[in-house]
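Peer 1: Start from the sequences, fold in the hints, and give me the full structure.
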Amino acid sequence: MNRKICIKALNEKARAIEALAKNETRSVEALEDGTKWKMPVGCTTIFDTGWETNPRASSPVGNCQPSSHDYLGCAGDCWWPAQSPDGLTNTPELELICSSIARDWRDLK
Amino acid sequence: MEKRIYFVLSIMMFCLTAIIEQSDAKELVITMGYGKVQVLDVSTDEIVADIPIKGWAREAAQAVDKNFLYVTASRHLIHKIDLQKMTVVETIDMNYGGWQRFIYGISIVEDGKTAYVNFLARKTDAGEVVVDVPTVAQIDLATGKILRSVEVPFGVINLTYAPKLHKLYASGQDIYTIETSGKEMKIVDTYSVFDRGLNILPLFCTTEENGGILLFPYYTAKLPGLMSINANTGEIKELPLKSEMMAYGAVYSTDKKKAYANMDELYVIDLETGTITNTEVIHEGTAFGIVPSTDGKKLYIQSGPIVDVYDTATLRVIKRIQLSTDGWMLNRVTL
Amino acid sequence: MIYTWADHHIFTVQGGATLFGVDHGSLFSIDETTQELLSRLGGKLSLNLAEESGADREILEGLRDARLLVPEGVKQKARPVDIEIGSVPLTTMVLEVAQECNLRCTYCYAEGGTYGKQANNMDTGTARAAVRQLIEGSRDQDRVTLVLFGGEPLLNMAAVRAAVDEAEIMSQLTGKKVFISLTTNASLLDSEIIDFIHQHRIAVAISLDGPADVQDANRPDAVGGGSYSRIVGQLDGLLKGASAAVAARVTLVPEQWSRIEEVFFHLMDLGFHEVGIAPVSPIRPELLPNAEHEERLLEGFSSLARVFVAAAKTGRILPLSNLIDLLARLHMGQTKSVSCGAGYGYLAVDVEGKFYLCHRLVGEESFCVGNLSGGPDAEKIGGIMKTITCGKEEMCGSCWARTLCSGGCHYENHLREKLLGIHKGSSCSFIRRWFQLGIEVYAEMKNAGLDEMLKKLEKRVKC
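Quick mapping for you: the protein sequence lines, in order, are chains L, V and Z.
Residue 17 in this note's numbering is what sits at position 17 of the first sequence, and the numbering runs on without skipping anything.
Residue 248 in this note's numbering is what sits at position 248 of the second sequence, and the numbering runs on without skipping anything.
Residue 51 in this note's numbering is what sits at position 51 of the third sequence, and the numbering runs on without skipping anything.
Read the hints as simulated data drawn from the structure, not as lab findings.
Treat the hints with caution; some may be incorrect.
[Stated by the list, open to error] Incomplete in silico selection of chain L near chain V, CB under 8 Å:
hint, residue
1, Ala19
2, Leu20
3, His69
4, Asp70
5, Leu72
6, Gly73
7, Gly76
8, Leu88
9, Asn90
10, Pro92
11, Leu94
12, Glu95
13, Ser99
14, Ser100
15, Ile101
16, Ala102
This structure is a prediction, so every number in the text was calculated from the model and none was measured.
Where a beta carbon is used, it is the ideal one built from N, C-alpha and C, also for glycine.
Peer 2: In structure tokens form, the structure reads like this:
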């Protein structure tokens, strides 16, 4: 990031914060609310379906992974109010468009 | 030159015999995919067949003669798959007579011709929605015709059949025992689950693959446990666990001293003490399907489009199998 | 994404501006365009970066990376932290080895050293037991501090020696480092005691208020005689061959606040390794300063700070511990969630073996928190903490200095609010200006490229 320097760290804490920011990539914005439950703050269409919150300390870190795995499960059966196509009524042939979400998600309309 | 040909031919013959011999006791793991069922050979952990199907696969039940597998798809289709030819040979659609039906649970009856299925049904009548009562029915596997049926409470998602006892266990909010020996099917017992503060979701569980016992986690406001329905004895049992666990499914180890459960972690549970003795993070993420090999040495766990093969002795992943479809659950058949 | 401002404060000084991020204690220097943007957009409750112009967005992204803009919903109201009392290991214990004194200082908060009780001395058994409790309570900490205090501790050398001996035994047994310090009026020092201090590497803080006229006015002996000459006479011996720091600890009454420069240089010239200057605690209404007094004190500190910076530029650190400590904290960006360690890792023990929240609150029965035989009473400490921090949320929630100060001295607040009946927060404005002075000095030193010198200060605040 070649940004004009308008702000410069003075003390060690500021330096540490700047170093932290340097390693951050911002192609995707954070979706956690900062509480210990890490509830999603917003939803993308696919990788955060908004209900799977996983408060556990271990895998998965964040919500993308589990939601992508749960996505087609939810789509077919409409178990949860996930942001996914409804395979029972409106998208009965979902499998023709998307049979693996990580691969085919771009084809969802 | 001629000799050479004979040599090649005899080698080919030998290979063919070897394949036939091997197929005599073939053990396969079937993945319930989207538009496709994929078959893994337990002896090699390779994908040995891709079987295109219509719809998204949900449940599977092996035919009495072992040569066929019935797979439900999109909650209304029942595909009959020839396990030798690895193709769909017949499909029945439960959407007929104006009704749309949604199947959750299938068990093949010992006559080999019929099956028990549980379904919800809806139709529109003069522009109005009509929703039928939740039903467990015995159907003709050739035609899908409903032979007899019984109304069940809302929420049943699993059927476990005990052929020797002529009883069907329908699990939902509670577990309902349905007597099948008489002319009419009827609920003869209700095993209370919900009113005791327990919650169950036996969606990703198998009975045949688990030594004839359906095993699944239950949850309470405090700690979870394991519940089981023994299709040989009809016994329903509960084992409270001593620590937290978040799991979709569970299976026994071969010696039935341990159980494995899965969601985002793989848990090893000591069945004598109810303690979780080991927890391994499943690196592929949330996993639904879990099934052990018959000898108990391997454990197959599916997360998204990946099946991880675990060595049960070390709990290390010994093979990572990439599928071409995401999956719902895993079943195991022996030919 | 929608952002909102994190609490921050801008200090404009000659040649630039310094931005202080309150939550993290971070300090940034900012240019004029950033200053302009902050004055234009700093008041907006929420900002959508995507909607801002390219030039502004660039600056805003820099501020976001500096954690001065935070995603909406993440920002939380500053709340007093709820630290579980028993969870913090004990790291400092103050022993009131003698609750009597040979001096009669005019401003003494301990009422002639007795803390309002019968003059009394700690027996050696109690001193040893206290040291053992310190070691035991320190759990996994490998460094602890033992402060020998009074009254005048040298009136009870038996207990001083016992405590030091026990500390050395325990240190040998556990491998923990016990740092010992002694606070004394130094009037009873003799060569034997000086030898003892040197031999056992005891750091000494001498209560000495400056030149003879100030010292003798503030700190007379029991018959009204001056103490200056007696103390200064022993100083050479103590400083020569010192194996640990010898510091002067100055207390000045409001009328003397205009003289702090003179006081500081006098003590520095006497050879003290460090000089710390404290405005007196208002134990009586007449010791309470007015605005004029406070102004004088800040002016005094301010001109001392200028001298400090000038000396720093020549490679010398003036031994003004007030400023050195503040600069060290600002350099590291250290923030506090409690104002001091009292009750957490810090406890005082009186002559009878009773625990008090801190050395200044000894004798105040409502601040007694257990005793040596039963150990510190976590429940009581918790109760006291709740009472004394009550209302802090409203008081400090919007103050930019809250993470540096965190509520101020419990004893000072107690005096002002309970004894003098003054409203809460009467010393806040002074405290803020002191921190501001520190931030300005820090920025100046940093801009002058004195990084090496500031780095040397790190060890003062590093644990």
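Peer 1: Confirm or reject each hint.
Peer 2: Consistency of the hints with the structure:
1. Ala19: Alanine 19/L check fails; min Cβ-Cβ to chain V is 29 Å, beyond 8 Å.
2. Leu20: 26 Å, violated
3. His69: 4 Å, holds
4. Asp70: 6 Å, holds
5. Leu72: With a minimum Cβ separation of about 5 Å from chain V (threshold 8 Å), the hint on leucine 72/L holds.
6. Gly73: 6 Å, holds
7. Gly76: 5 Å, holds
8. Leu88: The hint holds - leucine 88/L has a Cβ within 8 Å of chain V, the shortest such distance being about 7 Å.
9. Asn90: Asparagine 90/L check fails; min Cβ-Cβ to chain V is 13 Å, beyond 8 Å.
10. Pro92: 6 Å, holds
11. Leu94: This interface hint holds because 7 Å falls under the 8 Å limit.
12. Glu95: 4 Å, holds
13. Ser99: With a minimum Cβ separation of about 4 Å from chain V (threshold 8 Å), the hint on serine 99/L holds.
14. Ser100: 5 Å, holds
15. Ile101: 6 Å, holds
16. Ala102: 6 Å, holds
Hints 1, 2, 9 from the earlier list are contradicted by this structure; the remaining hints agree with it.
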